[in-house]
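Participant: Read top to bottom, the protein sequences are chains E and D. Using the working numbering, the first residue of the first sequence is number 281, and each one after it goes up by one. Using the working numbering, the first residue of the second sequence is number 3, and each one after it goes up by one.
Rather than coming from a laboratory, the hints here were simulated on the basis of the structure. Fair warning: there could be bad hints in the mix.
[Said to hold, decoys possible] Covered by chain E, per the in silico footprint, the following chain D stretches (three or more residues, Cβ under 8 Å):
id : segment
1  : 43 to 56
2  : 60 to 68
3  : 162 to 174
4  : 192 to 206
Just so it is clear, the structure is predicted and the values come from calculations on it, not from any experiment. Heads up, the beta-carbon is just placed ideally off N, CA and C, and yes, glycines get one too.
If you want the building blocks of each chain, they are given just below.
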Amino acid sequence: MSHGEVRALLGDYMDGTLALARRALVDAHLDECAACSGHLRALRAAVDALRRLDDPEPPSGLADRVLERVAAGEAEPGRLARWLSARTRRPWALVPAVGAAAAAVLAVFLAGPGSEPRLDAARLAAQAEDAQRAVAEEIRRHGGPVGSGALPADAEPPAAAADAPREAFRLLQQHRERAEEERRIWLEALAATRSADELRRLAATVRALERPGASPLAQEIERLAEAATPPAVRAATPPGGKTAPGQP
Amino acid sequence: MSDSPRRGVGHQIVERRPLARQRGNEDPDLALVSRWQAGDGAAFGVLVRRHERRVFRLLFRMLGSREEAEDAAQETFLNLHRSGHRFRGDAQFSTFVYRVAANAALNRRRTLGRSRARAQALSQVQQAGAGLPAAPPDPERAVAAAEDRARVQEALLQVAPRLRLPLVLYDIEGLAYPEIARLLEIPEGTVKSRIHRARELLREALGDRRPEEGRGVS
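Input sequences plus hints: build the corresponding full structure.
Facilitator: Laid out in structure tokens, this is it:
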């Protein structure tokens, strides 16, 4: 191997990500080449020095200053978002989808969540309450509008909340943004493609994400779970699984 | 074998920052973000406090000055507040935060020139020294260590920002290649090659620095 080739590989060599055969070649070269060995030593020293840099303490009150400015209205979303909010009577923090076709809604929905951990309905229901309490507690302890005392730099998240899957998050977000009619179509699609069990699990997860109190979305999903799903769809859905689009 | 030029190279590698999160699909911020998107301002406050340390650290390493870093950090969180509705849960929320912070860093027009960086770094060493207890066990060593770190920071600032950013994200923030690629919206191969070039530039900027033979990892 030439010096140039070896030096190009030193980064991977250092990180241990070089394939075995290449690694052996680099080893062999380094055994005989003081220049490249020196280069590697200097490279390693540079990276080590970088990794050893201390953790700079953020200025105390940084968060407070940010929240003051937010409270003063400095960081509101753009005018378009607020106009849309006003039209659909959603909190201004959200931008409702405008003109999303029902087909698009269905497509997004039927695409499925990908790799989602299998959820245990009972456990989730129990965790939903815990999660709400834990997050509410954390907000009470840490989230006061201005300067509510010293905070640990990286507060450990409540374990239950950490399990809330991505899909429920997205569903909730979409639910909040859609206009009445689109929500209805979308929820019907949900009912047509999920088993009652899955719907109940989803509802429990949605509750874990919502603020304490009633969750209209969770309630609607539970109502769908109660209602009979069409026998044809139920027969087509393997127990515990769901049909992906285009698959028998 | 004892005379091999490779002797001394096999010392313990300094590990990258261990990731406290990333247990599979879970994102510890999802519940808070969801509430915030529903209009709960207090939830946003918690998110700020959860992420202020990593945001400040990234910006400090990118910009070299505490003052600049604080300005950019505030800007980051305000931008986050403005664009929070855009977070869809497709990636970790912390990745989203890093992206906003990275943009704040790269958008700074005023990048400190070399001499200003050195002056800043040295003044920070002096400030750090002022905070030391009256009789530290080894004052010379402590000051030497602080000057060392200032030198490394100064060298880091000599690496072009576009290359400095993935380097800091990888070797200091401990992010993996795929996450950096997603964050910067570039292919993984590009991330790797930029980190490689950045490391070489850092090595050059640090000069002919060699670890002493036999000195252990401090």
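Participant: Are the hints correct? Go through all of them and say.
Facilitator: Each hint, compared with the structure:
Residues of the segment 43 to 56 of chain D lying with their CB closer than 8 Å to a CB of chain E number 11, which satisfies the three-residue condition for coverage. Residue count for the segment 60 to 68 of chain D with a Cβ under 8 Å from a Cβ of chain E: 3. That meets the three needed, and the coverage hint holds. Under the rule that three or more residues need a Cβ within less than 8 Å of chain E, the assignment of the segment 162 to 174 of chain D holds, with 3 such residues. By the rule of at least three residues with a Cβ nearer than 8 Å to a Cβ of chain E, the coverage given for the segment 192 to 206 of chain D holds, with 7 such residues.
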